[in-house]
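Each chain, written out:
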Amino acid sequence: MSKVGTASRHKSPWMIIVKRLSGNKMGMLGVLIIATLILIAIFAPLLEPYSFKAQDIGNMNQAPSGDHLLGTDEFGRDMLSRILRGARISFVVGVASVAISVVIGCIVGAIAGYYGGVVDLVLTSIADLTWSMPAILVALLLVAIIGPGLESVVLAIGLSYWSQYARLIRGQILSLKGSVFVEATRSLGASDFVILFKHLVPNSISPVIVAATIGVGNAIVLEATLGFLGMGAQPPTPSWGAMMSSGTAYLFISPWVIIFPGIAMMITVLGFNLFGDALVDIMDVKNRESNL
Amino acid sequence: MSLLKVSNLAVEFTADKKTVKPISDISFTMEPGEVLGVVGETGSGKSLTAHAIMGLTPLVGGKVSGSIEFDGVNLLTLSASEMQKVRGAQISFIPQNPMTSLDPVYRVGDQIVEGLRKHLKLNRWKAKTLALELMEQLRIPNPKRVFEQYPHQLSGGLKQRIVIAIGIGTNPKLLIADEPTTALDVTVQAQIMRLFKELTTEKGIGLMLITHDLGVIAQVCDKIAVLYAGNLVEYGDIREVFKKPKHPYTKALLDCIPYIGMEKGSLAAIEGNVPTATNFPIGCRFAPRCGLVMPKCTESFPDMVELAGGARVACYKYTEETVAG
Amino acid sequence: MENYLEVKNLSVSFTVRGGLLLRTIGVVKAINNISFNVKQGEILGVVGESGCGKSTLARLILRLIDANSGSVSVKGKDILKFSNKEMKHQRRDMQMVFQDPYSVMDPRYTIFRSLSEPFQIRKIKHTRAEREKKVNELLAMVGLSPEHGLAYPHELSGGQKQRADIARSLALSPEFLILDEPTAALDVSVQAQVINLLMKLREELDLTFLFISHDLALVSYFCDRVIVMYLGNIVEIISADKVGTHAYHPYTKALVDNIFTITPGEEKPEAVLEGEVPSPFDLPPGCVFASRCAYVKPLCHETAPVLEDNDDGGQMACHYPLSNAKLAN
Amino acid sequence: MWVYVLRRTLLLIPIFFAISVVIFSLIHLVPGDPIDSLLGPGSSKGDRAELLALYGLDKPLPMQYLYWLKDFITGDMGQSIIEKQPVADMIFYNLPFTMRLGLLSLAISFFLGIFLGIISAAAKNTFVDYIAMIIALLGVTVPAFWLGLILILAFSVNLGWFPVSGSGSFSHLVLPAVAVGLGGAGLVARVTRVSMLEMFNKDFVLLLYAKGLSRNVIIVKHVFRNALMPVITILGLRLGWILGGAVSIEIVFSRPGIGSMLLTALFRRDYPVVQASLIFLTMAVIIGAFITDIIYSYADPRVRDVYK
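Chains as they are written, first to last, in our numbering: chain A, 1 to 292; chain B, 1 to 325; chain C, 1 to 329; chain D, 1 to 308.
The following block holds chain A by itself, in its conformation from the complex (with noise of 0.2 Å):
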């Protein structure tokens, strides 16, 4: 028998990620973007240089300069500042949205895939259908029906995506339900329980993991449009997209309203894709659907 080695050189699977991500270049800019962007959701009532709600009459529409870096909306309201401060929106509702879809998705593919049948041919239309309608089209029915509002935006952008953790887990479990391990752990009795619960479901996750990461995206992106639209956060919330929403009328003459916001949310949404995108690779996830 040739020798395997000590005890410290064994990988655990995730240990082959995290030293696999740190030599992936542009998964550490995914990386270094998000924390960048914890870090000042955090800190930003420190990292101000202005109060994000002050409001300057003198200091209307103002372009970027020494004073204000990127200038002054229509209030005469500091928009670094108020950029700042909207990071920490954006990301809670990229987060809070995906744990909701992730849950739900993740409850309904995980039935589907296992039980088949019936149920599944339900569940899978019900998934099918949604994934295939316009998000925005159905988050603007939610926030119309549950009224608006940050925690509206959450719940509705949560309802909207949970249909692709739904497909991601059923083909996964689908696809390990036939598996040898699976089928050995049968074998020695194990119930259905044990073997959906310690063997498919966290050997399915890597999908979902990459589709979460990019679905913080995704999710910034549809509250933005949201806002932008005026179904989103009402004002004076410093929203990215509210902000960019109120900055229309300005179009011509402060256009830095509308374009700093925009930057600030495709770096953001950047970060988010390069991460996903790196754990595809380093992660070997094999569905095609989990990075789009």
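Check the hints yourself; a few may be wrong.
[Unchecked claim] With a cut-off of at most 20 Å between alpha-carbon atoms, the simulated EDC-like pairs for lysine to aspartate or glutamate come out as follows:
hint, chain 1, residue 1, chain 2, residue 2
1, D, 124, B, 16
2, B, 264, C, 241
3, A, 177, C, 66
4, D, 221, B, 148
5, C, 134, C, 147
6, B, 264, C, 224
7, D, 124, A, 281
8, B, 264, C, 206
9, A, 25, D, 129
10, B, 264, C, 203
[Said to hold, decoys possible] On the chain A side, residues computed to face chain C include the following (Cβ under 10 Å):
hint, residue
11, 10
12, 11
13, 14
14, 16
15, 179
16, 189
17, 198
Rather than coming from a laboratory, the hints here were simulated on the basis of the structure.
Virtual Cβ for every residue (Gly too), placed ideally from N, Cα, C.
Starting from the structure of chain A, add chains B, C and D where the hints point.
What follows is chains B, C and D alone, placed relative to chain A:
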């Protein structure tokens, strides 16, 4: 002139600043019309050797060194477009898995025609006629119908015949077949091997048959080359090698194969595992598993020596004998 | 010798569905009315080409798939009638070693954890030290060291993984093992290691084996008796030492003749089978092998032969079994 | 094959019912009703009841649905409560604008996406690949409305090449279609690249090289042709995602269309309009997905056989 003369063939891959050399120091020759069996276990580098000769290793980032003289021309000096004229025309290749080796979205007939048109410069009609003739020769039932079918509509045995038709249609001088029957059932395997032998003999095509199955080699080949962990360890006439294997590895390998009527308890095993390219041992790579290991086996690699009768073997047991004798 | 396992008239068919409304496209009789016995302590081989139903048979016996009809009796009790609870208990005694060592272990578990799982599923309470001792014993039994227990499956070679799978199957001290092509994915030199290991374990632990393989030479070496299957049917049951010389069924003989032996230039009787295995959908009446048989006669296309005893203590399903004289030619 | 197409077409009918039921019930969950906004202050209970009866809002919900369905099938989609004109007229006025925008965006998504995907897969890990993938990534990460605003700033305000807003001519259509289509192009490019790279590793590609075919022939005739299958699948599934951008884009460019009509109606709680436009948008997406599915099953011989 030999049909193929491979000298000091080596392939290396570089990834993450680490270089691995899965095959090295491989030298052998093939005469026109000869059937050479290349045998080895997982990681022996037998498929890679075939890919290197076909000029397919650069596709996956492998760097080839040494020389591959085919019909007097060193293939490694040819440009990409010159090599394209050799591939599929003078040297054909039958890949490992017939089940997945055909493009799923084109009719199988068109896939035969594609190569014929490219290399023989035929028009569509002539190429089709020739393809149908080939299919007939390969005993494909109802060739006209099969021509119109897609790969998923054919059985494994039929797909393999189509792949063979693609290979021999251009009248190559050398056919390299990489585990052509491994994915098939024994009874189908026998049909295909018989076809192979007939066709190559009839057309005088040299055949390099790569397989892990010593039984197939014994039945079909004239010469045998035994690879272990990326090195050629023994080369010789098929009857000689099977009757009197020289290298301890060849001998041990032959003892591992069960046969009908074998006495219980007489199956020998080679202890240990085949090393992989990232952890090849120093010296003779078989030394850690060899029953006859000597101190110098683990120090340096033994050179290939030619014994009386043309057999060649890389083992210190024989370098000493030849030096002494 | 006493029978450990008795299989009687076992059948299963699979319905293949397709299209939008999952209409039935066809029915495959994967296992068609099969009966045989496994004697206590013997190694019974099952051999056949792909699609003959040998792997399905293994899964039916272990109730990983439900049979349509028939019975599987272990020591006289029909386990197909067992309740789930009784079956869970029964599984202790009957384990399986799988074909593909590359995917038989959960890739996220260390070998140690995979080998502990049988005890956890059985709710066998162990202290940490006891569990470690038990697992290390299992590893030692199959020629692995405690060090291998700390590895993840992807860090082991195919042969080592197969040893680990054998250890897993032995964890609950079974009486009976089904070996489903345990060496098909391994190199010959490693195959020999595993075969020798299995022979040693059988001696030491007094096991009964059902060995499934496509390799007739290996089966005839390793087993005591051999079942030859073709398209879901048993065509012959033959003593392993008679495979090469006393086959009654033309298919068994064809398999023997089609093996490439390692003796170069040995002249083979001309017995290459033409044609391919017919589609398992809607098999014609009569003998399943008739379409490829070199000795076919009109009767073969009309009625299916049944499995009958022959003079050599085996059984065959053939209207015109090959006489010994014929084989001698 | 035709039987399959027919079966799939018939399947659209239950889907239509399912969708209409869901949308109908969801809309009646929306709090507040348009009657309040129609009634001035100081109006009596009787006025209210009269209006409710006029719009059929006093009946139980399932009844309302059946009435609505009967009318809808006969082409009567009711009256807009706010605009006081038949919903059908509003839909048929707005629909062509959205259709034109949608089709041109899809064309941009498909052709630009495929182009970027092929060149980046063919030149994997080179400068060209990185540039193509950055464009694709930007397409996916940037919201359509923001891109629309930036395009206005750049091409209308600064360069003056295209009109800022409106809908009269083809030049009005260019910027909105680019803003919507770039997101789809990013998606298509990424799927094309991944699926082509996957195809490069298939066994059959090795045989193509061994046949002596040139790399370009292999890439275009074989690898791309095979990679197209998953691209079509994903395109069908994500049609809604690609066209979702059109809703906000119609607002940005002040274009008429189902999207902007829906949004206005949603704000004013104009049920009949919201309902009809949601159903039209959703059915458009589903019919689009249905068409791609038919194309897919025709293009892949393996799938074609299953449905024979």
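Next item in the hint list is residue 14 of chain A. Is there a CB on chain C closer than 10 Å to its CB? 9 Å, holds
Would you mind confirming whether the straight-line C-alpha gap from residue 177 of chain A to residue 66 of chain C stays at or under 20 Å? Holds - the C-alpha atoms of residue 66 of chain C and residue 177 of chain A are around 17 Å apart, at most 20 Å.
Regarding the pair residue 264 of chain B and residue 203 of chain C, is the alpha-carbon distance no greater than 20 Å? 13 Å, holds
Can residue 189 of chain A be said to touch chain C, with a Cβ gap under 10 Å? This interface hint holds because 4 Å falls under the 10 Å limit.
Given the hinted pair residue 221 of chain D and residue 148 of chain B, is their alpha-carbon gap at most 20 Å? With a Cα-Cα distance of about 18 Å, the restraint between residue 221 of chain D and residue 148 of chain B holds, given a limit of 20 Å.
Against chain C, run the beta carbon of residue 11 of chain A and see if the smallest gap drops under 10 Å. 7 Å, holds
For the pair we were handed, residue 264 of chain B and residue 224 of chain C, check the Cα-Cα distance against 20 Å. Holds - the C-alpha atoms of residue 224 of chain C and residue 264 of chain B are around 10 Å apart, at most 20 Å.
Straight-line Cα separation of residue 264 of chain B and residue 206 of chain C no greater than 20 Å? This hinted pair holds, its Cα atoms lying about 17 Å apart.
Hinted pair, alpha-carbon criterion (20 Å max): residue 25 of chain A, residue 129 of chain D. Please report holds or violated. 16 Å, holds
Given the hinted pair residue 124 of chain D and residue 281 of chain A, is their Cα-Cα distance within 20 Å? This hinted pair holds, its Cα atoms lying about 15 Å apart.
Verify the interface restraint on residue 198 of chain A: the C-beta must sit less than 10 Å from at least one C-beta of chain C. 8 Å, holds
For a C-alpha distance cap of 20 Å, please report whether residue 134 of chain C and residue 147 of chain C respect it. Distance of about 14 Å is within 20 Å: holds.
Every hint, counting from the list given before, is met by this structure.
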